[in-house]
Structures are given as structure tokens and as C-alpha cells.
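**Student:** For reference, the chains in residue letters:
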Amino acid sequence: MIDTTSKGTVIHLGEQRLQGIYFVELPKEDKENLPYRKHQTMRNDIIHVSTDDMSRNAHIRNALIELISKAKHKVLFCSFLFADDKIVGALCEAAERLHGGVYILTALDKHLRAEIIDEPDSDVDKNTTKLQERARRHDEHLGRLAYAGAWLRSVEDCHAKFCVVDDICAVVTSANATQEAYESNPEDGFILLNNDVAKEFGRLFSYIWRHLATLESVPGSRLDVHSCKFQVPTWSNLTGESKIRPVATLRTTENSLLSAAIEVIDRAQKHISIATYSFMNMKNHPIGDALMRALERKVTIDLLVQPRNHIDEQRLSLAWLLNLSPEQVRIFGHRRTHTKSIVADGQTVLLWTGNLESRHGWLNGIEVGIVIDDKSAASAVSAWTKDVMLRHTHVAFNSPSMFELVTAGQLSALKGEWVLYLSPPIQTEFFVDALSGNTVELLEMNGKSVLRCGKELLFDITIDLENRRINVLKRYGKNIFVGSTSKGWLAESVVSIARQNTPLNYKNKNSRK
Amino acid sequence: MSNPKLTDVTGLLRSALSVNQQTAILAKEVPIYEVEFSELEFSEEISLPLSDWAVLALTRALGEISPNDVDSYLGLGATVSVSLLHRLLENGFLNSLGNENGINSNRKPTKAEKINESFAEATPKCYLSQTGFKALELGMIVQHRVRSARLLFSADPLFFIGIADEKKQNYVTHQRKRPLESADVPKSFHKFDALFALPSIERLSSCGIEATIPGLPGRFVGVKPGSQWEVRRSELRTENKFVQRTALLALAMHASFRDSKLNWKVYVGQARSNRVITPSINPSLFFDDDLNSLSSFLAALESNEKWPRLLGGNLREDGAFDVLCNTEFLLSLMGDSAIPADSRLPFTLGDWHGWLLIHTAPSNSEAGRAAFYTLLQRQDASLRQDFDLTCAKLADTLNAYWSMELKLPSAEEAASELWKKPALRAALCKRRLQTDLVLPYESAEVEK
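As given, the protein sequences belong to chains W and A, one line each in that order. Residue numbering for the first sequence follows our numbering, beginning at 1 and increasing consecutively. Residue numbering for the second sequence follows our numbering, beginning at 1 and increasing consecutively.
Calculated directly from the structure, the hints in this document are not laboratory data. Certain hints may be false.
[As the list claims (entries may be wrong)] Far from chain W by the CB rule (all over 12 Å, computed), these chain A residues: (1) N106; (2) P124; (3) R178; (4) S200; (5) S284; (6) Y373.
[What the hints assert, rightly or not] If you want the footprint, here are the derived chain A segments under chain W, 3+ residues with CB under 8 Å: (7) 415-423; (8) 435-443.
Quantities reported herein were computed from a predicted structural model and do not represent experimental measurements. We put the CB at the ideal spot given by N, CA and C, even for glycine.
Using the sequences and the accompanying hints, generate a full structural model.
**Tutor:** Structural data, given as C-alpha cells:
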């Protein structure tokens with residue numbers, strides 16, 4: 001709200017709203033009484049495995065290690081990352097024991113390896129040191145694997161995570177081969193003891209590895225990455241039974257994964273359980289359209305997603321879904337979730353390796369998945385996902401005002417009345433519009449105080465607590481949030497705008513007391 | 001002096017374009033001395049000057065000649081004609097007839113016409129000597145030259161290495177190091193006068209100086225009797241200190257059972273100039289032992305070495321010795337080649353280092369298998385192309401080289417054995433790629 005008085009322009013902050021879904025973290029003690037539970041499929045040929053993030057019992061890793069250790073001929077392993085010592089150890093042991101026969105698809109490009117730090121699908125806290133350590137481990141592990149006799153190749157857009165052993169067993173999982181994925185993040189997957197399915201995944205792996213790879217390091221005494229180029233023959237789409245069917249996105253060649261996701265959603269009559277790391281650009285997307293149709297059929301949707309407030313596309317996309325039918329859609333945020341599945345009515349499940357994003361993994365890129373039309377298998381996944389939802393770490397707010405956020409437990413900053421002095425380069429009208437039309441957050445960036453208005457506007461400020469005065473020094477040219485910390489929302493603030501006749505500079509910014 | 005390396009020695013032989021398989025090579029590194037001779041004699045052939053040729057040709061035509069004839073027929077003027085005739089007389093191209101009463105007893109008739117009436121003297125009268133006749137025939141004359149030169153020698157043995165590179169002398173005489181005192185001059189150098197006086201063939205086999213000295217024009221005659229020579233160590237400046245320069249002296253021979261006498265050649269290697277002394281050298285110049293025949297050479301070796309008596313009578317036609325080896329001995333002789341090849345067995349003879357060419361073969365199957373694996377490991381590129389074919393080819397090659405039919409490891413066995421070598425795992429993994437990633441899915445592709 002803006003008042004224009006004899007003293008100038010006065011802005012009341014608090015009612016301005018954030019766009020889209022915004023997640024607010026819950027106090028930690030709320031979730032301690034919700035233990036991890038395994039959910040059995042009651043079948044011998046389909047086993048559901050998941051990360052026990054409570055006891056850190058690594059079921060997915062243990063299952064993989066057991067299968068790899070029993071391999072008699074070959075192991076095919078696809079993971080963008082290789083930062084888990086134990087899984088690398090198991091693969092090295094297999095390569096030594098089988099005298100080769102271990103084929104790996106992973107990130108080999110130096111640039112790519114460095115980018116692991118900024119991997120968009122990062123499934124751990126944005127702690128730079130930790131991520132650098134993970135990148136270093138990845139590099140070191142590649143050297144170990146090459147030495148042990150594993151043959152490494154890299155396909156730039158391959159994000160799939162699956163393993164095939166002897167063409168008799170396949171594992172499809174959301175988990176990258178990292179310690180965090182196997183021990184900390186909510187992740188799950190299926191072990192498929194089915195020759196036909198395993199062989200189809202083996203065929204897919206062989207095709208990607210032999211024809212689409214652009215880098216390789218052959219087994220040898222050290223990692224020796226060099227480029228490679230192969231002829232790309234025709235690909236025959238994956239096949240499977242109606243009850244258990246491997247699916248994939250193979251760039252533009254095969255998009256059975258997209259068809260499967262739509263098919264599973266369209267099959268739902270009562271309830272859909274969705275788990276995804278991200279949910280972006282789903283409006284006007286075939287999957288978004290399928291979700292709309294489901295809501296029209298009065299199907300309820302529970303959605304588990306990682307709460308990434310800083311990604312506008314995700315906030316807007318989640319809001320779009322929720323606004324379609326607020327009473328049918330529930331959204332749960334879990335800080336570390338990385339699992340990826342869609343379950344329709346506890347009867348049909350699609351478990352896959354990609355994310356609910358616009359194009360990657362659906363119309364391009366390389367991802368795999370498995371569709372199972374079986375109540376026991378689908379129920380195991382939905383029950384396990386439900387447990388993670390119950391252990392949610394964040395609550396979703398739909399377009400909340402700053403005042404609502406503070407009420408929900410977010411920090412409040414710069415309460416009360418303030419006079420805000422603008423330095424000459426900043427135009428008063430522009431600043432008043434920025435402040436009154438957006439949510440305003442106080443950030444600390446590299447020891448400086450910064451006001452963030454809405455999504456893009458950043459102002460460098462100094463705060464004079466004694467005189468209740470805020471000096472606005474300049475506007476940042478770029479939105480650089482790296483290393484910023486939120487000090488709270490200006491949800492209970494009233495600011496009067498005044499103009500400084502001479503430019504303020506950094507020499508008098510020490511006025512904060 | 002450091003011990004010579006086989007690679008340096010074979011490099012020297014190769015640079016001297018010695019392509020034969022050498023049955024034995026002996027080498028040692030020797031310090032170089034610079035001997036500066038004030039007067040070395042050379043004989044040099046030069047073209048006969050036109051004026052000389054004209055006078056000699058005129059003499060042949062007229063039978064005899066006087067200064068008056070030279071001037072009358074050639075028009076050189078009285079003064080030049082007199083002095084020219086006298087010079088040819090002095091050099092022995094003409095002989096004087098003496099003052100024989102003015103009778104032109106040798107005068108031949110001629111159709112040549114005088115070009116002017118000369119007032120030059122009519123004496124002495126001369127006729128063509130044998131030397132003059134020969135010079136006229138060849139169009140060349142031999143001139144005697146005396147030069148100073150700095151020659152490089154080794155002292156033990158006394159052997160000519162080359163000449164000092166004059167272009168590299170950037171100091172003036174007074175800055176040069178003092179010559180060695182006579183007590184410090186190697187004793188072998190005291191024989192210079194006698195050696196240089198030998199006929200060229202003997203001189204070559206005695207100290208390596210041929211009829212000519214590379215870098216100096218003319219045929220080498222010898223040291224001018226009574227002239228001075230002085231000796232200095234040939235030194236090289238490295239890192240602010242002087243070190244004595246050395247040369248690599250190598251002797252090589254190719255033995256054949258068709259010829260009992262061994263033919264030795266000497267090769268001299270210096271920093272930038274290698275040379276081969278092509279004619280046969282008598283090894284007695286370098287050794288006390290008799291190395292002129294194969295039997296005496298082998299006897300000299302076996303008296304010095306702890307070798308098992310491997311060599312007796314097993315000389316092959318190509319000049320190598322057949323030697324049967326156990327595993328350890330065979331592997332130690334295999335060198336770096338990826339295919340079976342003759343090797344060099346090292347030995348010493350006095351202060352010389354030597355290498356004998358041997359054609360090895362395994363004395364048992366274990367040694368044969370060990371050799372197979374050693375060579376197979378060196379064929380990584382070929383193994384990556386076709387592992388099984390490489391194994392089979394190598395087995396065939398080895399058996400052919402050894403003239404045996406040993407049962408060497410199969411590709412399967414080799415694959416299992418070579419897995420211990422991480423560097424070869426690429427080849428092993430490529431071998432199974434087809435089985436692992438191609439064949440299992442081919443049927444699926446065809447069915448679709």
C-alpha cells in the first residue's frame with residue numbers, strides 16, 4: 001500500500017505476494033516419529049528397493065553390490081555420477097574377477113566433470129566444498145575403474161541410472177552412484193529379475209554405449225579420456241509384456257517413456273501419487289495435459305517434490321497444478337528427495353530416472369523407466385512414497401504474502417518505520433514501484449546488506465539503526481545470489497521515501513550500528 | 001672414461017652405413033689428444049698452367065726448344081720466354097741439351113709459322129724430359145706442399161681420430177693452453193716419425209691414417225724431418241670447467257664359416273663426425289690376443305668370460321651364433337623388440353666392451369612360453385586390433401625363428417595370463433566386446 005503525505009511517499013510492506021508455490025521449512029522435531037519402512041512387492045521377480053535415510057542403511061547400494069558380486073559374465077552400469085566408494089569397489093572387483101566385462105556410461109568430459117558441481121539435478125545441499133569433494137571422488141573413481149578393467153564411455157545427454165547384470169537382472173533407480181543417494185536422499189528403484197526385461201535394457205545400454213558415446217577411456221593403467229565417434233544404426237524400440245515393460249527416452253528416436261507416463265496418468269480413476277525431483281513447465285505439456293484430464297475425472301493427486309524456492313519455473317508450474325483444483329492436489333516438499341515415480345490407483349506404476357521437466361528426458365536426452373501393471377509392485381512404491389510425503393520437510397504455500405510467510409515461521413526483517421534515502425542515480429518512481437509491487441527480502445551478500453525486490457531487483461543498502469534510516473546506494477546490474485543469506489522478509493515494515501541530494505558512497509556505509 | 005653403450009655403438013655403425021650383421025662389436029671410449037704439427041708434407045696434383053702446357057707442347061713438336069723459339073712461336077716476349085724456360089728446366093719438365101756447338105741435332109721439321117722475329121737468346125736448348133712428357137699427357141703436375149695442421153689422436157691405442165676443427169678455434173695462439181711436457185706426452189706418440197714414414201697401406205693399419213687426411217687437401221706424405229710438433233689434451237668447456245673430449249672407437253667384424261680369417265673394420269665416432277676406416281685393420285694393433293681367426297677369437301672370449309660353452313661351432317650363415325637359453329638367460333637377451341630378433345650378448349676383452357651377435361632359442365618349453373608372453377606384451381596395438389590373430393601369428397613367428405615346433409599358449413590362455421598387466425586390459429576387453437555387447441542383442445534386432 002502507498003500513502004502520499006506531506007512528508008513524501010510512504011509504503012506499507014507485508015501484503016505483497018510471492019508468485020507461485022513457496023515452501024516453508026518445518027521444524028525438525030516434527031518428523032522424528034516417522035520411521036523409514038521397507039515396502040515389499042510380495043513378488044520374487046520384482047523387488048522394490050529404497051534408501052533408508054533414517055538409519056542410513058543403503059538398501060539400493062547393497063542390492064546392487066550383491067547383484068554385481070554375483071555377475072558371471074558382464075555388468076552394464078549407467079550413472080552420470082560415480083562418487084560412491086563401495087559401488088565403485090564392487091564394480092572394480094567384478095572387472096578383476098571377470099577379466100573385463102564391466103561397461104560403464106558416465107560423465108567423462110573434463111568440463112562435464114567440473115560441471116558436476118553445478119549439476120542442475122543436484123541431490124545434495126548446495127554446499128560447495130561438499131560438491132567439490134564429490135567431483136574429486138568421481139574423478140578418482142573413474143581412474144580406479146579404468147585400472148580395474150572397466151571400459152568407460154560418456155554420452156553427454158545421458159541421465160539414466162540403471163544397471164544390467166548378465167542380461168538376467170536389471171535395476172532401474174532414481175539414485176545416482178553417490179554416497180548421498182544411497183544413504184541420505186529419498187531414492188527408490190526396482191530390481192527386475194526378468195530375462196526379457198533385463199535383455200531389453202541390455203540392448204538399450206549396448207546401443208547407447210556403442211553408438212552414441214562421444215568420449216571413452218579404455219581399460220588401462222590410468223584414466224585416458226579421448227573422443228570417439230561411431231556410426232549410428234537404426235534403433236528398434238524397446239518391447240515388453242503389458243504387465244512389465246521397459247520404456248525409454250532415446251533422444252528423438254524413442255519416446256516410449258512419455259507415452260508410458262501419459263498412459264499411467266490416464267489410467268488413474270481415483271488417485272495419483274507422483275514423486276519427482278523437479279516439476280517445471282508442465283503447463284501445455286503432454287504430461288500436464290494428462291494431469292489436467294485426471295483432475296477433470298476427479299482424481300486426487302499427491303505430489304512429492306524437492307522444495308527449490310529459487311527456481312521460478314518450478315514455483316509457477318506447481319501453482320498452475322494446484323490452482324487447477326486446490327481440493328484435489330496436495331504438494332509435499334522434502335529437502336532431499338530425488339525419487340521419481342508415478343503410481344495410478346496403487347495398481348500401475350512408472351518408475352523412471354528423469355524429472356518432470358519440459359523437454360529433457362521426454363522429447364530429448366536419454367532416460368529409462370519401467371512400467372509395471374501390478375498391484376503389489378505399485379502399492380509398494382506408493383506406500384513408500386507416502387512415507388516420504390509424511391516425512392515432508394517443507395510446507396507448500398500458494399502465492400503467500402510476506403506477512404503469511406512470517407506467520408508461518410519465516411524471519412521478519414527491518415520491522416517498524418524507516419526512512420529510505422535514495423542516492424541520485426536511483427529514480428524515485430522506479431524504486432517506489434519496485435518496492436510496493438513486489439515482495440521485499442533482506443539479504444546478506446559478502447558482508448553487504450542487499451534488498452531484493454521480487455525476482456530480479458537488487459539494491460545495495462546501508463542501515464542506520466539509530467536513526468531508523470536506510471540508505472539505498474545503487475542498483476545491482478546483475479542478479480547474483482551466490483553466497484547470499486536471507487535475513488528475513490520486510491513483512492511488518494513501513495518505509496518513507498526520501499531523496500538524498502548528493503550521491504551516497506561506500507565510505508559512509510559504516511553507519512550500521 | 002665411461003663404458004660405451006650398445007645403442008651408441010650401433011648408432012655409430014649405422015651412421016657409417018654399415019648395414020651388415022656384425023658378428024662381434026668391440027668398443028671403448030678413448031681420450032682425445034690434439035697434436036699440432038708445424039710441417040706436414042703433402043703432395044698435391046694441380047692442372048698444368050696453360051703457358052707451361054704451350055711450351056711443353058711446342059717442345060714436343062720441335063724436338064728441342066730455346067727461349068728464342070718460345071718467343072718466336074708463342075709471342076711471349078724475350079724476358080718471359082727466358083724465365084719460363086728456366087723454370088721448366090728447374091722443375092724437371094725439360095732437360096738441357098748443353099751448348100753443343102749450335103747444332104740442332106734433334107730439331108724436327110714443322111709447318112708452324114713464327115709469329116714474330118725474336119731477339120731472345122738461342123740458348124739453352126732443351127728437350128722434353130720424362131716428367132714433362134707425363135705432365136703433358138695428363139695435363140696435371142704434382143706439387144709438393146708443406147702445411148701446419150692439428151690432428152686428433154687417441155693414445156691407447158694410438159689411432160687417428162680426425163683433424164681439429166679450425167673454425168671452432170676462437171682463441172689466439174697465446175691464449176691456448178700450454179702443450180704437454182714431454183714427460184706427459186703419451187709414449188705411443190713418440191712413434192709418429194716412424195709411423196708416418198710407412199707406406200700408406202701399412203700406415204693405415206698401424207694408426208688409421210690413410211693416403212689422405214680428411215679435411216686436408218693432397219696426399220699425405222709425412223712429417224717434414226726435424227720439424228716440431230706439440231701435444232695438448234683436447235678439451236671441451238662445459239659448465240665453466242674443462243673436460244677432456246673423448247671419441248668412441250669401435251671394431252666390428254662379420255664372421256663366416258666360409259672364411260676362416262676374420263675381417264675387422266674400425267669405426268671412429270666423435271660428436272659430429274663419424275667415420276669408418278674401410279680397409280681391413282689388423283686387430284693386433286689393439287689387442288694382444290690373436291683375433292684374426294674365429295677359433296682364436298672364441299678362445300680369447302671364453303678365457304675371459306664365465307659363459308657356458310655355448311658358442312663352439314654354432315656360427316650361422318648370417319653371422320650370428322645359435323644359442324640355446326633357459327628362461328632367465330633368454331629373457332635377459334630379448335631387448336626391446338616386439339618380434340624375435342638376434343640379440344647382442346655383452347662381454348669384455350681387456351678394457352674393451354664387446355657384444356656378440358646371437359640367435360637365441362629356448363632350451364625348454366617353459367623358456368619358450370616366457371619369451372612368447374614377453375613379446376606378446378609388446379604388441380598392444382596389434383592385440384587391440386585382433387587379439388587371437390596376434391597370438392597365433394606370434395606363435396608361428398617364434399617357432400619359425402627358433403626352427404622349432406613348440407606348443408605355445410593359446411589366445412584363451414594368453415588372455416587369462418595377460419590380465420595381470422593393467423596396461424594390456426584394453427586389448428583384452430576389446431576381445432570380449434563382441435561377445436558381451438553385440439552378439440546377445442543381434443538376434444533381438446533381427447527378430448524385430
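**Student:** Hints first: check each against the structure and report whether it holds.
**Tutor:** Now the hints, each set against the structure:
1. Non-interface status of A:N106 relative to chain W is upheld: no Cβ of that chain comes within 12 Å, the nearest being about 94 Å off.
2. Every CB of chain W lies more than 12 Å from the CB of A:P124, the least distance being 93 Å, so the non-interface label holds.
3. No beta-carbon of chain W is positioned within 12 Å of the beta-carbon of A:R178; the least distance is around 58 Å.
4. With 12 Å as the threshold on Cβ separation, the claim that A:S200 sits away from chain W holds: the shortest Cβ distance comes to roughly 60 Å.
5. For A:S284, the non-interface assignment is confirmed: its Cβ lies about 54 Å from the closest Cβ of chain W, beyond the 12 Å cut-off.
6. No Cβ of chain W approaches the Cβ of A:Y373 within 12 Å, the least distance being about 16 Å, so the stated non-interface status holds.
7. Interface restraint, the region 415-423 of chain A with chain W: holds (5 residues with C-beta to C-beta distance below 8 Å; minimum three).
8. Judged by the Cβ-Cβ criterion of 8 Å, the region 435-443 of chain A is covered by chain W as claimed, because 5 of its residues qualify and three suffice.
Of the numbered hints listed earlier, not one is contradicted by the structure.
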